[in-house]
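**Q** Could you use the hints to bring the two separately framed chains together as a complex?
In the order they appear, the protein sequences are chains C and G. Under full-length UniProt numbering, the letters of the first sequence match residues 1 to 252, in that order. Under full-length UniProt numbering, the letters of the second sequence match residues 1 to 162, in that order.
Because the hints were derived from the structure by calculation, they are not lab data. Values in this document were obtained by computation on a predicted structure and should not be read as measured data. Note that beta-carbon positions come from the ideal geometry of N, C-alpha and C, so glycine has one too. Each hint should be verified, as a subset may be incorrect.
To be verified - Selected chain C positions facing chain G (Cβ under 7 Å, derived; list incomplete):
1) L39
2) N43
3) G50
4) Q51
5) G66
6) E69
7) K129
8) S130
9) K132
10) Y136
11) H140
12) A182
Residue-level listing of the chains:
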Amino acid sequence: MTDKDMRFDYLLRLGDNSLILGQRLAEWCGHAPMLEEDLALTNIGLDLLGQARMFLSYAGEVEGKGRDEDRLAYFRDTKDWRNLLLLEQPNGDFAKTMARQFFFDAFQYLQFEGLAKSSDDRLAGIAAKSLKEITYHRRHSADWIIRLGDGTDESHERIQGAIDDLWGYLPEMFDMDAVDDAMLADGFGVDVAALRPVWDDYVNGVLAEATLIRPADSWSVRGSREGKHSEHLGYLLAEMQFLPRAYPDAKW
Amino acid sequence: MVALAVKDELIEILALVKDPEIPVLSIADLGIIRRVEEGENGHPVVVITPTYSGCPATEVIEADIASMLKLHGVPDFEIKTELSPAWTTDWITAEGRRKLKEYGIAPPANRGKVALLGHEEVSCPQCNSNRTEQVSEFGSTACKAQYKCLDCLEPFDYFKCV
Numbered sequence: 001m002t003d004k005d006m007r008f009d010y011l012l013r014l015g016d017n018s019l020i021l022g023q024r025l026a027e028w029c030g031h032a033p034m035l036e037e038d039l040a041l042t043n044i045g046l047d048l049l050g051q052a053r054m055f056l057s058y059a060g061e062v063e064g065k066g067r068d069e070d071r072l073a074y075f076r077d078t079k080d081w082r083n084l085l086l087l088e089q090p091n092g093d094f095a096k097t098m099a100r101q102f103f104f105d106a107f108q109y110l111q112f113e114g115l116a117k118s119s120d121d122r123l124a125g126i127a128a129k130s131l132k133e134i135t136y137h138r139r140h141s142a143d144w145i146i147r148l149g150d151g152t153d154e155s156h157e158r159i160q161g162a163i164d165d166l167w168g169y170l171p172e173m174f175d176m177d178a179v180d181d182a183m184l185a186d187g188f189g190v191d192v193a194a195l196r197p198v199w200d201d202y203v204n205g206v207l208a209e210a211t212l213i214r215p216a217d218s219w220s221v222r223g224s225r226e227g228k229h230s231e232h233l234g235y236l237l238a239e240m241q242f243l244p245r246a247y248p249d250a251k252w
Numbered sequence: 001m002v003a004l005a006v007k008d009e010l011i012e013i014l015a016l017v018k019d020p021e022i023p024v025l026s027i028a029d030l031g032i033i034r035r036v037e038e039g040e041n042g043h044p045v046v047v048i049t050p051t052y053s054g055c056p057a058t059e060v061i062e063a064d065i066a067s068m069l070k071l072h073g074v075p076d077f078e079i080k081t082e083l084s085p086a087w088t089t090d091w092i093t094a095e096g097r098r099k100l101k102e103y104g105i106a107p108p109a110n111r112g113k114v115a116l117l118g119h120e121e122v123s124c125p126q127c128n129s130n131r132t133e134q135v136s137e138f139g140s141t142a143c144k145a146q147y148k149c150l151d152c153l154e155p156f157d158y159f160k161c162v
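Here chain G stands alone, though its shape is the one from the complex (with noise of 0.2 Å):
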């Protein structure tokens, strides 16, 4: 077993690597990191998860990881990924939920929610008016869909529900 303390101060190390595209979103936030264990050899393994499985951001995260970790006196460690079972909106934290409004992207919907009312009721991050309108499903990212705000009418970017 990789010592508790020991595996805490990794998951910290690795709290400090931020999405390339949401920058202001730590890969903590996002749940891209599934858990830190022990290998074969006792080094360190980081077992993250992709959010998409064409996401282009993914390779960047994990050079960034490495080059974090090799920053942070880690010499020897593996990054291990694993699909199953597979990622969901629902493991991004209340703190990332809250960033992302901050920076403008109205964070998804919780999946219990939209299969109980059989559609994503999305709130404009600006005004917080739920009068809001799907401009398209597909957005700048595989993640987002892009919406606009029928109040304030200004265009968001939307964190899928997946």
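Next comes chain C alone, as it looks inside the complex (with noise of 0.2 Å):
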């Protein structure tokens, strides 16, 4: 791989798992359990669909093949994104969306504080802005995490058995590649394993504030960085795409 492709595959990791979390919350839109959060899972999901816009199209500029935000969204298939395994789950019932959007709250914050001290500017800038958007967001799952854990017997239930069930997908969010190794060599990047400790510091202090017990790192499933994702990323990627699919070119 040259410099530049690891450029644009390092772009597509940080473009997709904005791009395909966002279309996760989106699909909460009408069905939350309250108003309020109906409003706050979809002005995250938008939140998150605008860092994916600023990474594709720098991804694309950087491929040089005349790719947009919009080719790189709609007209790639699954073995093309490189995006976490954790984003593309079900969203589950409300605890499981809140679990998974909590794991990667705390480790995306963790991840652009980095990125924001890249030597590209460019790059900087993108995760300079997301970071005061992704602060809201992760306050906004810690707080959930606490009152479903430290709630009723169903919700924390019902939040720890989500947490059991996601616990193995989080490993792959610290792992280093060649890609990772590249860019954090030439200072675009970031070292991701590095971020454990604090990672874990900050989850075990909201779960333990939650009454919530930290599963044993039992099993782990990876494979994102390859393209090699869970079969739900296949029927996301069909509703989302279909539209520009079917009708290529089509405007508002």
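**A** Okay, structure coming up:
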């Protein structure tokens, strides 16, 4: 892989994380347990969509093959997506959505804090801008983890179950492959492996306050960086990409 | 250089563009216009900044700037978006804050003060009481949170401090 290819791949990872989670949150529109939460989930989804647009536009320019944000979002198949497996997991109930959000918000906050110091001004600018929004996302999901965990028997049971179900998807966030290493070496990217202890401290603190148990690290799945995804991504893309594929170049 | 007088005139024209979501505010009040500079071909370049990454108003604002400039006889120009440094609510002008409050939206707290207090002190835009409570950190647009006043009991929007 040339340096250009690696930058493209790295930007896709960032953009795809934001876009896939944003799409999942948009699925809640009109279905959340209360109006305030319906607004919150879609607002957070919109922030993520905004991030995705900035990253994918940048990725397309780096690639230099004339693909813009829409081309990258709507005309790639599952094997070309680079989002974390965690983020494509179905919404499940509200507890599962919040657990997924909480783990990722805690990670993305640290990742973007690092990216805001990237040697690349454009990447640093996108990260610094997004970080302001992620600060709100992280507070919101942490509040819900505490409220559900330290709530009723049923809410406690559901959020603990969601955390247990998702736990094995988390190690992938902190993996460093050849692209990550190269991007770190030239000051473009972040050392995500080094974020693990800080992430652990934060997550452990919230789980303790929520009277929840941190699961044992007994299983893990990985593969998104090589385009190996769960079956769920295909269904998500089918819905997200249907219109531009059925009616290419359609305009509002 | 775009001549100073022309630049001032352009900024006056730009100040006529309203925010599509909060139509009492102009994009100048919001601090969305960064500057007007001269492009390579001598045409003016309007440099703007988005408020929130996913704010759908951004594209409408660009289109409104274009039509406002054309309406005022400026046919050739360029609109450029700049992300860094990231937009902050501290760029909303004093006039902008006054208009927000009059419109019923509590203006954002000052970031320095928030850092000092550790929280945002939000006063009710209707009765000025400081006894207010947050209903949700997210509201009808990306930039707003929902609050209620514990004295006059009115619900209201708060323009979040970022």
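**Q** Could you work out which earlier hints the structure fails to respect and list their numbers in ascending sequence?
**A** 5, 6 and 12
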